[in-house]
Amino acid sequence: MTATAAPPAKPTPSPATRAVSHLFKARETAIVIALLLVVIAATLRNPNFLFSADGFRDLLLTPSLLLLVAVGQAIVIFTRNIDLSVGSVLGLTAYLTGRLFIDVPGIPIIAVFLAGIIIGGMLGLVNGALIALAKVPALVITLGTLYIYRGVNVAWAGSDRINASDLPAAFRGLGTGQILYIPILTIVAVVVLVIAAWVLRNLRSGREFYAIGSDPAAAHLYGLPVTRRIITAFVVSGALSGFAGVLYAARYGTVSSAAGTGWEFQAIGAAVIGGVAISGGVGTVWGAAIGAYLLLTINRALPILGIQDFWQRAVLGALIIGAIVLDRVLALRQSRKLLEIREEGR
Amino acid sequence: MPVEIAASPPAPPALELSKVVKSFGAVVALRSGTITLEQGSIHALIGENGAGKSTLVKIIAGLYRRDAGSFRLRGEEVDFHTTAQSKAAGIAVIYQEPTLFPDLSVTENIFMGRQPTNRFGRIDRKAMRAEATEIFARLGVSMDPDRITEGLSIADQQIIEIAKAISLDARVLIMDEPTAALSGVEVERLFAVARSLRDEGRALMFISHRFDEVFALCDTVTVMRDGSYIATESIAETSVDELVRQMVGRDVAELFPKLPAEVGDDVLVVEGLTRTGVFHDIGFTVRAGEIVGLAGLVGAGRSEVARAIFGVDPYESGSVRLGGRALPKGNPRVAMARGLALVPEDRRKQGLVLDESVSRNVTLAIRDSLATAGLLTNRAENAAAAVWASRLEVKTAALDAEAGTLSGGNQQKLVLGKWLATRPKVLIVDEPTRGIDVGTKAEVHRLLSELAQQGMAILMISSELPEVLGMADRVLVMREGYLTGEFPRAEATPEAVMFAATAEKEDAK
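Read top to bottom, the protein sequences are chains A and B. Quick note on the working numbering: the first sequence kicks off at 1 and runs consecutively. Quick note on the working numbering: the second sequence kicks off at 1001 and runs consecutively.
Among the hints, a few may not be true.
As the list claims (entries may be wrong) - Derived contacts from chain A toward chain B, CB cut-off under 7 angstroms, selection only:
1. Val192
2. Pro216
3. His220
4. Gly281
As the list claims (entries may be wrong) - Here are some of the chain A residues that sit facing chain B, going by a computed Cβ distance under 8 angstroms:
5. Leu203
6. Asp215
7. Thr261
Since the hints were made in silico from the structure, they are not lab data. Don't be surprised by glycine CBs; every beta carbon is placed ideally from N, CA and C.
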């Protein structure tokens, strides 16, 4: 066709695009840089933070469990939902792990992992089904299940707790073992992260999580399986929390009925710091994973840097608010830039 | 199969609607929808607001089901229950405001849910991007397939919708007022795309209020009025004058009893009111005892001007003077105190508290003056409400019935009552009779007329031409954010007003 007669509305569309893609790259680079700065600062103060066997191991190990939970949380947030029950799911499955080893002597370790993942997934299914089918906001449903799941845990455990001596040595070895100086837990978490990132990027279902969160109404118009995807997101979040629960038992050995309390907020915080938009449709699981590392590494670095206990929490809060403000400022600047380009083209 | 099309041409029409009827309860939205879209041709559908165009489109899109009449696609009778069925049958509808995923790339928006994949279900990004690039090249538009759609102009978003339609290989494309939000260059580009689609043998339907566009783009035109088919003409054999006559062709009945009123001083003076992208340099005056009609098409910016005057919406420059004193911008409280009242377009959302009682609603704007020492009693509310309810003849079971239980017409009276209770000097009414029955409509008109007679200055926004022409002493016309015409009652003919509301300014001279 001779439609080239119509000049393009925008004379130079590519700078805008480049700016946009650059922005996304910059978002994850920024947290990596922040993470490095924290590590460097803490190491300068106390070289053991990085250069001791324990220091290096802790650096990698401590955030690994949160990483799993944060990846699940991020997938839920992509769909413009939220999962507040993850901490309770983690606590419940961690206790379940201990009980299985105590009550079923000789149970294969793999069976315990499967049990944790499946129970976690089923608890997630309850969330997802209530939200997607009954059309009740996720905030309300998962706030309810946060208390219900925790209540079940407390009723079941009472004042009882699982001790390291209850668990087989091979199982506990998973929690502390290393392969080539890299903790096994970290390897497991990274494998899960890579799989999740691959699915979210390369499969139709993965892209649909983003689409649903970006504009739910449009998702319906496109004929996407919205209900099924939202349920899937919650099942994945629950299953990953259940998986993390089993690993929690392996890592710490002691599990009380309070295990995992407050993890939901750390997971959401990690996702938000990592650039996952709370309004859905934007972000990567990589960002959430790095966010988990930054959050917990700062947590460990602050005492070394001589910051008082009271201020440590405030710093974390400031980090989360700062991340959101940064995202908002960048988004505003971006939309203004895009608008300017558009007006020039008029 | 009916035999009446025995002499069917070799290629059956791409889409054929005949005497399609659709009603909602007692309201008949479409009396007789008839249109035939030929392959490789662009067909315009024109008509006033409320002529039934949208209903017709929604039936084709599968959003509504017809009550009667026939709907054929390439000669086959069809009946769509869902939009998915319509889509699967090769129909694509491009709305004025496209619905896209703002955070995802242009390419993903085109292919979401049906991305090309390899054997293992992995999305083939290369193939997807190549196909998007190819479609844009075929359309002759430059569009970066990798950028996110957030911040794209409406024009570019429509191009993405069209690209989606092409990737689905839609044979019938319906564009519902696609040019309403586009600039001149963008319209040109859209037309180039539409022509290339026509040349590929697709059937296009183009809904527009702009005659110059209809004449520039289309091959055939169908006129609708009051839910009925009026005529189908070849573009080559018709004229703007003829189309306008067919569109408005009805008598401005004396349904609208405008009483003569003494016109007094300027009460509301608006000068140079501007809000970029919404309305520009709007200036007019309304005098005491005068009803000024503000006509134009939906989306011309009339309600926005009213809201800006009242202070609900901001404006950048210009001034509003009420009774000789400047009205501060963005302050509806002061506007109310000085005697300005705004009866909004959407009475259910903006005019009433539906869960509250009739009397609470009527007294909502005068609560402060009704209260004794800051306390409001039911008795005071009911007494004040009773006055207005009886004066406006609101039909309600009781004053403490919920406002939501009233009929549309009575709700409208309630909103009017609420504002009249503030004893305003200037009353702005936005679409005062939309969606209410004929009898109540006449009552509302009589009431407005009486108020003007008592010296109130009234600005009446209305999309119904007969209403404006019947009621107004003076008619202002807006088109796309600009004031494009002002006619004294004697000169306000349907043709003149319609022309000012639709035609390009360059042509208006």
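Okay, the hints, checked on the actual structure:
1. Val192: violated (19 angstroms)
2. Pro216: violated (10 angstroms)
3. His220: Violated: closest Cβ of chain B sits about 9 angstroms from His220(A), beyond 7 angstroms.
4. Gly281: Holds, because the Cβ-Cβ distance from Gly281(A) to chain B comes to roughly 4 angstroms (cut-off 7 angstroms).
5. Leu203: For Leu203(A), the interface hint holds, since the closest Cβ of chain B sits about 6 angstroms away, which is under 8 angstroms.
6. Asp215: holds (5 angstroms)
7. Thr261: violated (33 angstroms)
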